[in-house]
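The chain contents come next:
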Amino acid sequence: MLKVRNIHFNYGSTPVLRDISFDVDEGTLCGLFGPNGSGKTTLFKCCLKFLKAHKGSVRMNSTDVSGLRIEDMAKLVSYVPQEHKPPFPYLVREIVLMGRTPHLGGFFGVSRKDKKIALDALEMVGISELADRSYNQLSGGQRQLVLMARAIAQETPLIFLDEPTSALDFSNQIKIWKVMQTIVEDGVTILACSHDPNHVAWFCDKVVVMNENGIAAEGQPSDVISEKTLGKIYADICSVRTVDGVRMVMPKWVIEKNYGYIGNSVPEAGTVAGDGGNL
Amino acid sequence: MSEWFQSLGVLRRMGYDDAKEVSERRKVIVLISMFVTLFLATAVAMVMGSYKTSIADVYLTLLAHFTPFYEVSNISNLHNTIIWDIRFPRIILNICVGIALAIAGAVYQGVFRNPLVEPYILGASSGAAFGAALGIVFPAIFPSIQISAFIFGSIAVAVAYMLARVQGETPVVTLILAGVIIGSIFSAFVSILKYIATDTALREIVFWLMGGFYYATWDDIITIGPVVLISFFVLWGLGWKLNILSMGDEEARGLGVNPEKYRFIVISLATLVTAFAVSLVGIIAWVGLMMPHAARMILGPDNRFVIPSAAMMGAIYLIVCDTLARTLTTSEIPVGIITSILGAPYVCYLLRQKGRVIFG
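Protein sequence lines correspond, in order, to chains E and V.
Under numbering that gives the first Met the number 0, the first residue of the first sequence is numbered 0, with each subsequent residue one higher.
Under numbering that gives the first Met the number 0, the first residue of the second sequence is numbered 0, with each subsequent residue one higher.
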């Protein structure tokens, strides 16, 4: 679905992306994970052609995007930015309807069908009741959900999300990831960047880990979110444990503070099993 | 009422109707009532003036000129001159300029993503002022004040746009800064001309800067009318794209709207109508800032509704202000003074009462 090949990008003379290549299969929720400054957002922008990559190619749905017009590109991939306030107080339904723009024609073009699709998208993310509220007066989490509804209304096979959960509270973070999983079940491919290792480990089908030198690891979350990879990008501050079969990434010093040592099962045995050493 | 709307296939095709959606139908009704108000305001303004005419005189005169049923020769020469040659073109010019400034304001506010922007932000007014001052001070070299005002108004905006264009992109902040720079340069040039002007010329420059419709003729209407009409419909048609542009460049790209292309189109059209308006009637403040705000207050920020309603309110507002300008005292008051005196308190009110709703 998405094939990124040998992307190079510099800001001035500072290289940001060097020879980045990865693939995302259709119907996959792929997490793009990495520390601040590793170039996640830049890579995003290169894929979406907001920035022009100096070398390399991006193929979506086996089309090379470099020759695509902005109008055609918007039928292939939708972009969910981090939530922000626009200068004018549009209604939620208007914001979501904006997602229909690539499919509109004619003088005004907004048809009843488009409005229906927009309302359906709101329903899908579970915020139909917000349709007639002013977008600017919503909470950050609600705004993020509205932007996701807009991407759904755009009906593209591929959705890019730029740190969709970074400014949200715990329950909204989980809600957003759940919505993404629902979307993926319909055959849509998602690339979401995140800097929370737990989120990508829990919710993604595939993870691409980036650091300053390019792609540090790529593959299934269970293979990729390991102490070895995290040690590479975070200078050895993380410990990976399994709690009830769920992988948890924790700061090492928290474990040291509580248990005094690393790499062994803890007293309340059975529930927590350390596997840090093996990974 | 609702069947009547259903029957208007045009409205449906424009995306205005939805059986379930009361709000949009209400908006259309508001637009229609604004149009009716504009019509009534025109009628009232036709009657008002230092020479009293009755509405029947006005009706007969217009009937004679617009339809074959009534002969112009049946009307007294005096009525014909006052109504057809003086008042009517002046009011039509009010409407054209009101529409021009209001839609330009709405468009600029949308593309610059800033509700405090006005049509003169890119230097159109300063450039036009310089052009007009040149025409006043050096009539031998620049025989037409209007043409030179138009040329320099357009040059100012074009220079600002080119100044802001870096590597094929025109970021909004750079564009506004460039407009401010160009505007202040041309203002300085105007000051130089004022400094070297004779007393009579200086007086004329000052009057021009305050704006006025004193010399409205049918020629003016023929110049500005088609331009305003065409730009209005094109910009109205781009209303939805303007909504998208106001979300920012990256989102616009993500939603399939080329920000560079459409920004260029809408800024060009908005500048064109502004330059025409300024060159004909001088600098009239507040209309371009205020009318889009008022439109957003009444109909919400969707530009498909903001543009037509701002246009009609701009037309109504200028008719009211200009009628006051020519009737309040025995001599005329420059209309720019009235638009500002009436407009400033309104914006103060907006800021205090509705600030949070409108400014986000």
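It should be emphasised that the hints constitute simulated quantities derived from the structure, not laboratory data.
Each hint should be verified, as a subset may be incorrect.
[What the hints assert, rightly or not] Calculated pairs, SDA-like style, for lysine to any residue (alpha carbon to alpha carbon, straight line, at most 20 Å): (1) E:LYS174 - E:ILE232; (2) V:LYS26 - E:ALA130; (3) E:LYS51 - V:GLN166.
[Unchecked claim] Simulated DEER-style distance windows between Cβ atoms: (4) E:MET247 - V:GLY236: 54 to 60 Å; (5) V:GLU249 - E:GLY139: 16 to 22 Å; (6) E:TYR258 - V:GLU249: 53 to 59 Å.
[Unchecked claim] In silico contact screen, one side only, chain V against chain E (beta carbon under 8 Å); selected entries: (7) MET246; (8) ALA293; (9) ARG295.
Predicted model, so just to flag it, every value in this text is computed and none were measured.
For each residue, glycine too, the CB sits at the ideal point set by N, CA and C.
Here is how each hint holds up against the structure:
The straight-line distance between the Cα atoms of LYS174 of chain E and ILE232 of chain E is roughly 28 Å, outside the 20 Å bound, and the hint therefore fails. A hinted pair counts as satisfied when its Cα atoms are at most 20 Å apart, and LYS26 of chain V with ALA130 of chain E qualifies at roughly 17 Å. Restraint check for LYS51 of chain E and GLN166 of chain V: satisfied, since their Cα atoms lie roughly 12 Å apart, inside the 20 Å limit. One distance hint, 54 to 60 Å for the beta-carbon pair MET247 of chain E and GLY236 of chain V, holds here, with the actual separation near 55 Å.
For GLU249 of chain V and GLY139 of chain E, the Cβ-Cβ distance of about 19 Å falls inside the hinted range of 16 to 22 Å, so the restraint holds. The hint said 53 to 59 Å for the Cβ distance between TYR258 of chain E and GLU249 of chain V, and at roughly 46 Å that hint is violated. Among the interface hints, the one on MET246 of chain V holds; its C-beta lies about 5 Å from the nearest C-beta in chain E, closer than the 8 Å criterion. The interface hint given for ALA293 of chain V is broken, as the beta carbon of that residue sits about 14 Å from the closest beta carbon of chain E, more than 8 Å.
Annotation: ARG295 of chain V was flagged as interfacial toward chain E, and the flag holds, the nearest CB pair being 7 Å apart, inside 8 Å.
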